[in-house]
Structures are given as structure tokens and as C-alpha cells.
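K.L.:
Chains as they are written, first to last, in my numbering: chain A, 1 to 499; chain R, 1 to 499; chain S, 1 to 499; chain V, 1 to 499.
Do not take every clue at face value.
For identical chains, the list gives no copy identity; a pair is met inside one copy or between any two copies.
[What the hints assert, rightly or not] In the DMTMM-like style, the derived pairs of lysine to aspartate or glutamate whose C-alpha atoms are separated by at most 20 angstroms in a straight line are: (1) Lys283 / Asp93; (2) Lys286 / Asp178; (3) Lys277 / Glu126; (4) Lys283 / Glu458; (5) Lys56 / Glu230; (6) Lys135 / Asp89; (7) Lys56 / Glu231; (8) Lys420 / Glu471; (9) Lys420 / Asp469; (10) Lys259 / Glu126; (11) Lys366 / Asp469; (12) Lys132 / Glu255; (13) Lys286 / Glu45; (14) Lys366 / Asp423.
Simulated from the structure, these hints should not be mistaken for laboratory data.
4 protein chains.
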Amino acid sequence: PSAGLEVCVSPQRVDYMFGIVGVPVIEVAMAAQAAGIRYVGMRNEQAVEACRLYSKFSARPSSLEAIPSVIEKAVRSSMYGRPGACYVDIAGDMVNATVETICTNLVVSCCPPPPVALADHGAITEAVSVLKAAKRPIVIVGKGAAHGRAENALREFVEMAGLPFLPTPMGKGVLPDDHANCVAAARSRALLQADVVLLLGARLNWILHFGLPPRFDPDVKFIQVDLCPEEMGNNVRPCVALLGDINAVVTQLLECVRKEGWNYPTETEWWSTLKDKITANAKISKALAVQSALPMNYYTVFHHVSQLLPRDCIIVSEGANTMDIGRTMLNNYLPRHRLDAGTFGTMGVGLGFAIAAAVVERTENKGRRVVCVEGDSAFGFSGMEVETMCRYNLPVVIIVVNNNGIYSGVDPGTWREMAKMGDLTSIAPPVSLLPEARYDEIMTAFGGRGFLVRTVEELHSSLQLSLSDWERPSLLNVLIDPSSDRKQQEFPWLTRSNL
Amino acid sequence: PSAGLEVCVSPQRVDYMFGIVGVPVIEVAMAAQAAGIRYVGMRNEQAVEACRLYSKFSARPSSLEAIPSVIEKAVRSSMYGRPGACYVDIAGDMVNATVETICTNLVVSCCPPPPVALADHGAITEAVSVLKAAKRPIVIVGKGAAHGRAENALREFVEMAGLPFLPTPMGKGVLPDDHANCVAAARSRALLQADVVLLLGARLNWILHFGLPPRFDPDVKFIQVDLCPEEMGNNVRPCVALLGDINAVVTQLLECVRKEGWNYPTETEWWSTLKDKITANAKISKALAVQSALPMNYYTVFHHVSQLLPRDCIIVSEGANTMDIGRTMLNNYLPRHRLDAGTFGTMGVGLGFAIAAAVVERTENKGRRVVCVEGDSAFGFSGMEVETMCRYNLPVVIIVVNNNGIYSGVDPGTWREMAKMGDLTSIAPPVSLLPEARYDEIMTAFGGRGFLVRTVEELHSSLQLSLSDWERPSLLNVLIDPSSDRKQQEFPWLTRSNL
Amino acid sequence: PSAGLEVCVSPQRVDYMFGIVGVPVIEVAMAAQAAGIRYVGMRNEQAVEACRLYSKFSARPSSLEAIPSVIEKAVRSSMYGRPGACYVDIAGDMVNATVETICTNLVVSCCPPPPVALADHGAITEAVSVLKAAKRPIVIVGKGAAHGRAENALREFVEMAGLPFLPTPMGKGVLPDDHANCVAAARSRALLQADVVLLLGARLNWILHFGLPPRFDPDVKFIQVDLCPEEMGNNVRPCVALLGDINAVVTQLLECVRKEGWNYPTETEWWSTLKDKITANAKISKALAVQSALPMNYYTVFHHVSQLLPRDCIIVSEGANTMDIGRTMLNNYLPRHRLDAGTFGTMGVGLGFAIAAAVVERTENKGRRVVCVEGDSAFGFSGMEVETMCRYNLPVVIIVVNNNGIYSGVDPGTWREMAKMGDLTSIAPPVSLLPEARYDEIMTAFGGRGFLVRTVEELHSSLQLSLSDWERPSLLNVLIDPSSDRKQQEFPWLTRSNL
Amino acid sequence: PSAGLEVCVSPQRVDYMFGIVGVPVIEVAMAAQAAGIRYVGMRNEQAVEACRLYSKFSARPSSLEAIPSVIEKAVRSSMYGRPGACYVDIAGDMVNATVETICTNLVVSCCPPPPVALADHGAITEAVSVLKAAKRPIVIVGKGAAHGRAENALREFVEMAGLPFLPTPMGKGVLPDDHANCVAAARSRALLQADVVLLLGARLNWILHFGLPPRFDPDVKFIQVDLCPEEMGNNVRPCVALLGDINAVVTQLLECVRKEGWNYPTETEWWSTLKDKITANAKISKALAVQSALPMNYYTVFHHVSQLLPRDCIIVSEGANTMDIGRTMLNNYLPRHRLDAGTFGTMGVGLGFAIAAAVVERTENKGRRVVCVEGDSAFGFSGMEVETMCRYNLPVVIIVVNNNGIYSGVDPGTWREMAKMGDLTSIAPPVSLLPEARYDEIMTAFGGRGFLVRTVEELHSSLQLSLSDWERPSLLNVLIDPSSDRKQQEFPWLTRSNL
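I would like the entire structure built from these sequences, with the hints used as guidance.
P.N.:
Here's what the structure looks like:
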């Protein structure tokens, strides 16, 4: 059977398996290990049958012999076209069944990389002429650009054409956040005043305000680049639709721009506007970051964290304010080095993402740190997974930005007063969590490093210590002002119009 | 409201609406007519909620204001990427509701034609070199080539490259069935011995025997051309995958072949094999077609029908043997002039297809006839729709090939004997229908022309009369030998290995 | 295999199977016949997978050995508790598979009749005291009373307690429609003014106006009797809920009333009100029924039909006005002798119901006629099933009440005028069908009797002829005034407040 | 709005709300508190849309005005008939919408208790005569008896009739586990040899081995008592089916037995057999319980825990061996004082159950302790909920029975050896968790009491301390022999044939 599994499974080049054992999954996990697949046992799971609802492809093999081809189709479907999770449900009584002989047609070789399509040449020419006519162009770099590995072509294109760009949360790092053309720090202004947007593998969903007023100019023109035809025209009609692989299309644009010898001038009112706004916003952020009052605020924490993180670290993040403000304060410099709660804001994914990244990093051994930045409420969804990190000695650094609640909490004194008034289920604000909860002790309970952090100094020393330890995970429980968000309510990621 | 509807609906350029009225659909149908949309009232429908299961996109607008954009998305999704039906469920209480003012954002303009993608240049070059190395190449022309309007480029490509081709049932007519390079009459041989298959917009499903032995050579190489990335590699791993619009990709192949000045030689053993087989099969078919015994057999009927049909007629077909044998005997000469029960063999769609085609033809007024070739069982699924044809004076010609049953029936004498033996629900073969049922009288009941046809002469005269009448529908009830299929069991579409 | 089927299937006492053959259903149908099950081949079906959505229980046996127990559970679930359709999906590759040995645990005996529950004694006493205090009581007899075979106990209860009653459409016949206590002809008045309603196995859905004002008194009290606990309190809170088998509960009520020696007085204002209303309504109906103008109207048709139908006939009905007015004009005298389009008004079920009833009647041989009263639009949904009736010599009498449309149509002259004005898809009212369509010829096409009926005399003679023929089905195509419903719009079943 | 909520929500007498706040749930939680509902904020949730799949009733109100009646139907459906979870999905944009005026029909009063049905009198008589003829009868007390509050009638029946009984896991406590007639300690023997089983509100699912051999006598007769008709006959055909409310039916049985003056003799071979088996099993358990070797085994732990727990404590339990062995070793003495992972063995529910029980206990103030017995793996699914306990000062006592793994783990020394050998994801048994993980520190991290327990003495002292503290939750991390289960593999709940 192990030989069989090797033949059947390894062709799809599955290197890792994550799961929760139980009857009869134990046997599958053991057979996977025997076939050279690393098995990571987790602590929590969602109802598996429910996953089918959210899967791009789902199937239940009708016989033992059908499993290899179903697995191949699942693996292939997960990668071809728009990527997505796939679900294969194997009947329990198949797990311990055996195939008489390993016949040839059970050997299904691994699917090749996804096929690549190019945009229509005429549409490329048209897109470039729209860009050339633009007064206030911007490039928006989305998750599709990261997935399409468009970073090299894109850097060359942006630099040659001299265009300002900004990333979506999952597009961060395709180009470095500190690139000279990056105008992320003037995001709202850039979106609002742009007359032409080159949209690279990003959906016009709520994260981009659906591409509509009042956050966009009503006359803005979109050049939409996507590999999924059905995505074209969702919410806004593009003036040019470039259907194809993002990397291939950017390369086509690059060649066209190069041939025409065109670039957007560096001395324009648009560049001045954007740079002035960047400078002004930097000042505001800086002012918040250097505040010395205790407890610290979000900006102070992220300012110092960003200074210490290595450029090649992998940032995982989830939470409300934590993820929101972290997106603007923590730079990414490399593509596909960031994972967050994504389009649907699904809480509880962070620690799982971090574990997966750390397991892969251990195999690839590139010396990259995995840093997991969590809101305190978000951490609660799957906090027990720190045991998994400790069990496998995965040196993840978790930073819990702890404001005693969801969106905001209360300080310990106020909490004690409330507790005296009666039953807290009737009195406590529904957003409140236990003040100054010692999430760091969750980590020490399993043998990792834990730090309670109240000051900038403690933040520095504990983060440096954590980053220097490659044997164990660490958790920094960073206490911040529980009403921190209320003071900065004018700066949330999604609504700040004055930045 | 009519003005509103004009604004909201006509932008999507909907010209026809089909339905069954009832409360509150009457109002929708009347408003559609007021907005210039033609309404065709049908006689049967499937449970509408069930359609959702088979739809590419389904939605239920949450407010009156959301309807235009949902309709736009439904129309767009039905055409972009792989085409498919879409389902919009409008709550009953919205039908008679009114919008205060027609605000601008309710005006959703019609979506442009689908964006076009090209295949990767390197993959094109690779595909051509595979073709050049082929000893026994064939081109399979699928539904995707018809949908992608690839006919002009494809004809040039096939003729310049000198390649043999054959169509799938829904790819018939993209190139004329009597084209010199068409090897459909040697289909089984061509599939079995080909060493390279250029697959143009066709799925490797059961209609193409999944691309597997014993119907294909185990070492055959597939060059797969499709606009859907997830389709690539289904059932068989292609040696080259060309992702893109079928017409664009064929044009790329054409340019590459032209540049290289290559063509497949006309004097090869492969061409000799194919042509010999075509000649041999033609002889067999001819022998069956000229049999003068009565009742007639399938081949005789189709042979004579094919001689009388105009080249530009639209052929609709459904049934078991009727559709099967008709596919080989009735030629198509123009692209998108054929509709049949399709991949899933869904019975009951024929008359609806014919009505739709006839309504469009009336508007376009190109003088094309719609001919509907039905098995007797298939006709029963929606036979009442002849009333719809008569009601709207749609000059459809229906040919019911009547063998008294499903797959096969019994003759009237045998039936009478069985009836004497006891309760027919216990005795009659489940495949039997009433012998010599007068389906032609279904047509005369509503004022159309009906013909009972037993001989070649009757077939000729009634079909000529039907084709000359542009005012009324006709139905030819062609009685054939109820055991006809059993004699020819060696020639079904799917299994004939000796053709 | 046939022996196996006999063992496996017949224990559930399945006597009839209905279906549409195709690969691989042929084998199932033939095996069923071999096992003594009668097989009826139909002409149309709905997408089968969709049925699952509407089924009470659905399953797909995972192995051949599991089939008998799954079938047993499906049969049992369809009968126990609230009855409903069940769906079993047997994988195609199981159909021709064989079981090694018929082991004992494959023999699943037929499930016994459903278990019977009684209502709580205290609740019975309370219900009777509410009835005793009522000034204007009525009993509503629903489908549940028919299904629960409560007719004998109910007749005794109604007569002993002296209560007025009225049936829901599917409750018609549990007690005879001409019973002295039946106040169906004063339905609206009875519902509106009742102060206590004894609801026997009927849901408070739209057919009963949800039990709410303005069709009911806001202070009306409901005594709800149902076998389904979740039904209790739907839409209206009952003052007493009697959970149990309808027959058992009615028997409990009867015993309680008998013991207390109570009955509702015959000389009350309530009885006077109801009887006056019945008399007045009878006059109006009579006036409409005796109109001698041609074309006839609905009331004339139903008046004469009702005079000729035998008391024990089984009435199947579907349509809009046809079903609506027919419910009030065609009496039922026996329980479970009526089938119509039901709660959801599903069109197309009528001919199938009639075929099933006729097949059962042939076996039981009780000399009952099956009469199918159809609107012309409703008939179109499955009109081809007349071939099924002819094929099996099922002597169903179909009466198509033909008003040239859905709700209403136009006369032939008007239609010809419209046709001259241009394309009928733009001009014809969506509710119109072809005027004076010869649905009778659909029947003659397959060898049945067909009649075109324009006058009372023709109606009498054709119906008498049809009822005298036990060998063949008949169809009466009764042409009525196409604007008939517009004249009587004040009398639709659901809204007539003055009756 | 708060007034409105009070009107709308409190009629259904909802006292507690559990949830995870986020936009826009905050407002709902606050409005609920304002309306007097206690709100408990939790730390983890499952994908909510998925719940719909597992709900008895689900709905999405189509308007603000529809909410009260939908809530009423959800509450009612959850309690009427077989109880089950219900799901109401309220659209986000409704949360902050307001109703113009609180109209009367928005006021939906709380549904009354479920209606009660009785079994048929004849069936009762038949059941009693089957019991009277039994040689080896047993009563199985299921969850339905607990839900139906049948405890008083059942105790009287069992004692008067002198019948041996045993509970299912969720039926424990309906009668006290130490009742003289309880034969739970001879469960396997009782099931195997019984000739008549009176099944009270228990399903014949895997927990009862489907009622089939080899765990039951093939000729055993079942008297099935259930409130759900569709449950009757599932898996085994009962000889008598008593449909009705469990308490009502038991009362009927009691009256019948009393009237007949019958009881099952105390001096029978059956009683001797059962009592001998109980004595023998007690000896084996005792032997295991008193083993003094360290680490402790399951039996030792449960033996001592059971001695200290108060008779009225509420026991919550989940895990594999922990739940299994705990079911046999921890007695319940009161009905509805036990909650466990149930039929589907859903892990992660324990802490939520315990929180709910503790919140209710605080309100009712009956002085009952909530004790939560968890396997270490099970604890990991929702371990972060200890923060919830600490936040609201809920004095739950959690006992984690820690064997370093799922089913079984390895000791710290072995673990260290494995870690030296290479990557643990390749080497460690999939069932292993981190050895001697300090789950107790999860509790202390949030201010509760935590104990690391290795010996009987530590178990006694820490449990006594925990039970004496009514202000804070406690967690006992009880380290047992990680291979403990392997030694006792002959005693698992489901397979022990020798008990």
C-alpha cells in the first residue's frame, strides 16, 4: 500500500499534508508519511462537508481506482485558471481497501504548469494609447499579479513607463513597498483623482470600493487585466479588457511601451500632488508613531516592528484594526511574502497560514522568518495552534496587538468597576475581552518564548530575541491603549479620505 | 414603466423572450412587448428553481434597483468565457413595484463582446512542430470552434496545411461536411489510427470516448485548444495546451504554418487509408439507402431527406438512433446551423430549439428553413409545442422518424396479439410505444400540414410540399421498420469500429 | 436476478412502476415486470436530480447490498408522519451488477401501516368545551383527514354534534359535498364570520388565506388537529392543539361529545345565515348555468357535467379558472376520489394522476370512472400522455375546457385580425393560445375518441358516449366563451366575498 | 429600538444570546442587552452559512416586518417534534433599519409548550403483553426520555414493573446511575441476551450497534417508543411501535401495568446473570482504579473524580477514550445534567456547553457545579474559550485527561529521541501531541486556577480546591500514561464484549 501510495500520490508532487487525525484518517496520515509526505497535525478544523460550498471543484471518487485521477483533477483545478481550494471526499470504507494490482492507468502523472494566454494585440495597443492620453494614471497591483509571478516584468514596466502604482493588500510586495513609484501612502488621493487605472489582477470589490464614486472619479477609465473572462466588467465597464496571464500581458504592455519609446513624465502636477500627500501623511503617521504615552498606540507599535523585521520576512496578518493599520505600516519587499484574512476577512486563518509558511521555509531553508501579526480577538479563533508550532519547533514569531477587545476594549480598572455592578453578561460591552489577558502564557504553556510587552524598549528587546531564536516559536503580547482606535477613528484603512 | 423597461432592459439587447405566463409573469411579458421585445409563449416548462442547479450564474436581486446590474451580469456571464445558461429569480412582489425616479446608475449599458485571448507564442511554435512531425494527423472541430466563429481562419488553415478533419456533432458545419478534407465518413478509423490530434474547442468526454484506448491509439498526442484553462488536461494530458480564443489561436497557427511554408503532403499512406475507408463506408450506406423493402429503414429515409434539404437549412435533431444516424447522413454546410440534444442527450429540447431558430429567422429574413428531425419518443417530450408553431405561423418542418418505440418498437400486428394476451402494462416491452401513432395529426389538429409517410415517393412529395410552404409548419410522420435498428446494430454512432 | 428482485422488491408491495426507459432503465423495467410489477411507460419527465429538492427523503445506495433497506426506508418514509415523495438514486453501474448470494439480511419485509398517536385527553376536553362555547362554529376538512381515513368517525362526529363543515380542495369527498351540514357553497361567509374553527388536517396556507383577516374574524379561535407537531401554530396560534392521527383524534372528540351528550343546535342565527347564503349563491350559479348563449360559459359546462358524472367517479383536475370553478361546481361524494394541482398549483400533473388512477382501477376493478377536467393551457403541459392512455387502453374521460388561452383568450375572428397586423410575437396577448385548437384530435391521433363540443346537447351526448366506453379513452374539447372569465371575475374561488 | 426589541424578542422568552461580535452584530448584541437578554461573547465560531445544512429549519426574513414571526417559527420549530437547531439569517442592512410604527401584528407572543400525543391504547396493551411474555427484558433509556421529562413516570414504571434498565450516553441521569435496577455495568451482556427491549426515545444508530447481531440477539423484540413517526422501524422492525410523547407513553404503560398488577419477578436467571456480570465488572474496574503505578491510568483518574463530584453536578464531556470510559465511570443522578459530543462525536463543543450551563446555573442559582471532562485533543478544538469563562467569572471545573495525544501519545523521553532523528512532521506518529503540554497554564494565563496533576493525592487536593471556589474557573491538567489506552483496549465502550 505504501508503494501504491507513492505511485499514486507523489506524481501530483504533494509535499505537505495538514489534518486532524481520527478514525480512519490516521491510516491516511501514516501512509502519506511513508510515501515521503510531511504530515502536520492541527488542533481545530471546520465542518468538512461545509468546505464543499466554498470549493472550486469537489468530488467523491466512486471507486478506489478512480482516486488518482480525481486527485489529479483536484490538484490541477486548484491551479489552472483562477486558483481556488478543491475538495475530495473519500469514503471511509475505501481507506483500508486495497487495489489488486497497480495497473498502469492508475499512474497519473503530475499536471504541468497552467497554460498561458496572451491579450489580443489590438487591445494592447489600445490600452497603451489610453495610458498615453492619461493625465493622472495609476497602476493597481492585485493578488493576480502575485499569483501570476509578474514581478520582474512589472518592475521593468513601471520603471520604464514611469507610472505611480499602489498594491492591494494581497498585492503588497510584488513590487517593494518602498519603491520610488509606490504611492500607497497617498492611496485615497490616488484612487480619487486618477483618470486612468491600470488594474492588474485585482477585483473591483469592497476593498477597492467597487471602483465607484465617491471613492473614484465618476469618469475614471479602467484598463482591466485578468485571466478570468467572467471577471471582466464586474461592477465597472473597463475601457479596455486585457484577457490573459498577468505576467504575459504586462510583458506585452512593456514591449509596446518600449517600442513606442513612451513614458509618463516625472515632472507633472499629478506626481507633485501625490508626493505632497505622501509627505503630509508620513508626518501624521510619524507623529502618532513617536508618541511616548503609555499604553502605546497602534502606530507606535507598527513603527518599531517595521524597523526590526528583515526585508525577506513572510508577514501573516489578521484582525480588524491590527490588519488594517498593519497593512499601511508594515512594508513588504518581496512577492508572495504576505498572507492575510483576505477578501472575506475570515478570522482564524492566521496561525494556520503561519504554520504552513514555516513548514515550507524549513524545507526550502532560505533563512526567512515567518512573522504573524494578530489582533487579540483574531488570535482567539485558533490560538491553540501555538501547541502545533511548539510541537514541530516552528520558529514563528507571533505579535498579538492586544487592545482588550474587538475593535476596542476597556482598561483593567474600568473592567473591575463593571464587574462590581453585576452580571457582566448584562453589563460588559459585547466588544470587550478580558483586559490584559496573558496570551504570552499560551505560548510558554507549550514551551515557546512568551513576552509581555508594554513599552517600546520591551518591544525592541523581545522582538530581537525572538528573531534570533530559530528553534522555538515566540509570542509578543503587546498591550496597547484599549481605546486606541477611537482616537484614530479618522484614519481607518478603508475610509481615510484625507490621507 | 415601459419607458423604464426600455431603459433598463434594451441596453442588454434582448430581442426575444420565451416563457409561460401565469401570475405575475403576464405583466413582465406585456412590459417586454411594450419595450419592443418579442414574446413567445410556450406550452411546457421544467421546475424553474431546478434550473439554478444547471446555471453558470444565478442570482436573486435584493432590490428593484439592483435588477439592471444583475441582468447585465447574467447576460455577460452567459457569453464571457465558456458560454452557459444564467438564472435570475425576481421576487414576485417586485414585478408590479415601481422605481421612484430612473436614476442614472440604473442605466446599465450592454456588455461588449467577450474579450479575446491569444495562445502563448512558444506554445504555438511547439504545436506546429508536433504537427509537422505527425505521420497520421487529424483535426477535430468542436462546438467551441463554432461558438468562437473560427470558420474562416479554420478553412484557410485546414486547406493550407492540407490536414484531414472531422467535426463533433455540435461542430458540424464549421467547415462544410462535404469539404474535400472532411474524413467524418471514416471517423472511427481516423480516431483509432491518428498519431496527432489537433483538438479545437472540443471536450474529451464520452462523445469522443474520453480520448482513450481502445478507440484511440494509446500513444496519440493531443494538441488541445480551448478558452477554458480548467478544461486543459481533462481525461488526457495534452502534449501542447493552447489557451485562448479558438479563432485567435487558429489564426496564430495559420500564420505560423504560412511563415514556415509547411503543409501535410496529399500523397501519404494516411490519406490513402482514410479515403479507402470513406469509399467503402459510402458503399455500405448506399446499399442500405437504396433498399426498396417496406417499411423503410433509417438510411433510406435520411438518404432521401438529405437530397432535398437546402444547403443553408438549420437542422435541429434529437432522439436515440434518429439523432445518431442522422448525424452521419445529414450534412451541414454552414457554421452554427445545427442544434441537437448535446452532451447530456437531453430529450425534449428539439421543438423549443426549432421555435427559437424560426423566430430568429423570421426577424433576420435570410430565407433559411428550420428542419427538425425527431425520434418518435423524443417528439413526445414536447410534442404539444407544435401548437406554438401553429399559433405564430412558424414554418418549421418536423420529420418524425417513427419506429413505434424507444430504440425499437413492435409492428401493429404483434401489438394486437400482445393486447389479447392480457394487461399490456405486464406484457408490453417497456421500449414499445403505440404502433403507427399518428403524430402527423397532432400537427393538423392545430392547422399545420401533416403527412403520413410510408414510401420514398411519399417522402419526396411531402417534403417538397413542406419546404415550399412558408406560412405554416409541417410534420412528416415517417413510418419505418420498427426493428430497423436491430438490423443495423453494427453501425451506431458510438461503436462502429469498422467504419 | 428476477428471483432476486422478487425477493427484494415485492416485500415493499410495490404494484406499479412508472417511468421513461432509456439506458439503463430498460433493464429495471423488464426486471420489474418479471417480478410481477406493472410497468407504465410515460412520455415526459422532469429533470430527475431536481426531484431531490422536493423529496422528504433522498438517498443513493452505496452498494448493491444496501438497496433493499434503502428502498424500505424510502417506502416507509413516504407513508409515516406527513406523507411525501421520496427519491432513491441508483448508480447506473449497479443496474446490471449481480449479488453473489441472496443473503437473509437482504430480505427486508414490507413496513407495517404507520403508527397511530392520540391527542392528550385534557386537550380533547378543552377542545370540546371551546366548541360548546362557540356561537358560530365550523369544521374545515383538509387533505389530512382524507389521508388519515377519518371519514367514518368524522361523519358520525359532524352529525352527532350538528356542526357545519366545509372541505379544502383536497379534503373534498371525505364527507359528501351534498351532505346536509356542508356549507361549501357559503364558504367565504363561513370563514369570515366563524368564531371557532375546528381545523382537521389542513394547513393555514394561502388556500385558507393564512387564517388571517380580512378573510377571517380577527378573534376567531382555531382548534388545530394535525399529525405533525411542527405544523402546530404556523401562521396562527391555535387555542387548542390536538396532536395525533386525524382519525384517532376525531374518534376521541366523538366519544367526548357523545359522553357529554352535547350538540350544536339546528335552530341558530348562524345556521340561518349560512343557509340563506347557500340559497342565494345557488341562485346565482343556476342563473349562470342556464344561460343559453353560445359559446357556453364555465358554469353551464360544469352544471351539465356534474349531472352526468357517476357518484363514485374519480375526478382529476388542473388549470386556473377551470380548476377553481370546477372545485365549487363538481361534487365529490367519496373520500380520496379527487386529485388536483394542489398547494403549489403545479401544472402538468393531471394526465399523470389520471393514468395512475386508471391503472389502479383496472386492477381493483370496482367499476369507477376516471374523469380528468383540464384547462386548455394545463392540458398542454403533458398532452402527449394521451398516447399513454391509448397505448394501455385506459378509459379515462378528459374534458378540456377550452377558452383559447391562459385565464382568457380571444375569439378566432379577433385572432385573424391581429395576425394581419404583423408579427404575433409582438402583438398577441401573452395569455392567448391558438383559438379553437382541436385538442380532441390529439386523442383521435392515437385511436381514442375525440369530440368537439360547442353546445349543451353536444356536451350531453359526447359525455354519455364517453362514459359508456370502457375500452378507450375519450377527450371532449369543450369550446367556451374566451372572455368567459372576465364576465365572472367577481366569482373566482379565492376572492369571492359575496358568496 | 430597544422598546421595539423588547416587544419583538422577549415574547419568545429568549434569556441568553451567544455570539461573536463584528460589524454589524455589535448592534444586535447591544440591543439584546438593552432588552434584558444576557449576551455571552465567545472566541470561535464555525462558518455560519454552513449551519444551515445541519438545521431543522432555516430562513432569511424578506423584510423587517417579517422578523418576529420568523423568529417565532424558529423558536417553535426548535422545540416541537424532535428538537433541533434552527437558523435565521438576517440581512446586514436590516440590522440598523427601523420600523415606522410597532404595529400589532409585529407582536408575536411566545409559543406554548409542545403539544402532547399519546400512543394508541391497543398498542399499549400489546406492548405490555410482549413485556409480560419476556424472559430477559431490558429498558433502554434514551435522550428522548430526558427531553420528554419522563423521569418521574419512568421511575415509577421501572420500580413497579421491576425491570432492569440501562441508559444511552445522553439518557444517563433520567434515572440515577446507581438505581438498583440499573444494569449499565453489564451493558454488553444485557444487550446481547435480552429477548425484549423497551426502547424509550433512543435511536438504533451506531451507539446501539443498530440493534443488530452480533451485539444483539437476532430474535430480540423491540418495543419502540418515539415521538417521531419516521424514526419507527429504522434499522430494525419493532414488534410494537408506540408513537407519542415519551412521558405520556410511559404513563400509559405504567397505568396498564398497574391495572394488570403485573411485575417482572426479582428472582430470575436473568437478574442473576446481570448481577453476576455487574459484580465481575466492578472487580475489574476496581483493580484498574486502584493501580498505584505512575503515570495514572484512566480508571484511577475517573474513580477518584467520581468520588468527589457532587450528586447534582452537571457533567460535560468530550474526547475519545476520555468520553468513552468516563461514560461508564462517572455517574449521573439527575435528568438533563449531562452533555457530551453526541451522536456524531463532534469535537469542540464541550467548553461551549459548559459555558452555557454555567451561565444558566448562575441565573437559576441552584448551587450546581459544572464539570467539564475533556480529552487533551478535544480540549484543543476550543481551548481559548477558557478566556470566556475567566472573563465572566464562570466557575467551571475543567478536567483535561492528558495522554499526550489522540487515542494515545508518547512520553517526553521518546518524543525527545524522535526529535533528534529529524523533522518531526516526517517522524512523529500523527496521533501524537506535545508531551506533557501545560494546558493548566492556558487557564492561569487568564486568571483562573490551574493545576498540574500527576498523582492521586494531587488529583484529590486540586479537585477539592476547585470545587470550593465559586468565583473562578479551574483547570486540572491530569497527566496519565500516554499508552494507557493500549493496555485497556479490551474495554472500549463500543466493543467490550466481556463486560
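K.L.:
None of the hints should be skipped; say for each whether it holds.
P.N.:
Taking the hints in turn, this is what the structure says about them:
1. Lys283 / Asp93: neither (64 angstroms within a copy, 37 angstroms between copies)
2. Lys286 / Asp178: within (16 angstroms within a copy, 71 angstroms between copies)
3. Lys277 / Glu126: Classified as neither; 31 angstroms inside a copy, 51 angstroms across copies.
4. Lys283 / Glu458: neither (25 angstroms within a copy, 59 angstroms between copies)
5. Lys56 / Glu230: both (15 angstroms within a copy, 10 angstroms between copies)
6. Lys135 / Asp89: Answer is neither; intra-copy 54 angstroms and inter-copy 43 angstroms both fail.
7. Lys56 / Glu231: Both: 15 angstroms inside a copy, 13 angstroms across copies.
8. Lys420 / Glu471: between (45 angstroms within a copy, 13 angstroms between copies)
9. Lys420 / Asp469: Between copies, since 18 angstroms is at most 20 angstroms while 43 angstroms is not.
10. Lys259 / Glu126: Intra 14 angstroms, inter 27 angstroms, cutoff 20 angstroms: intra-copy only.
11. Lys366 / Asp469: within (15 angstroms within a copy, 52 angstroms between copies)
12. Lys132 / Glu255: within (14 angstroms within a copy, 30 angstroms between copies)
13. Lys286 / Glu45: neither (41 angstroms within a copy, 37 angstroms between copies)
14. Lys366 / Asp423: The answer is between: 16 angstroms across copies meets 20 angstroms, while 53 angstroms in one copy does not.
Hint compliance for this structure: hints 1, 3, 4, 6, 13 are not met, and every other hint is.
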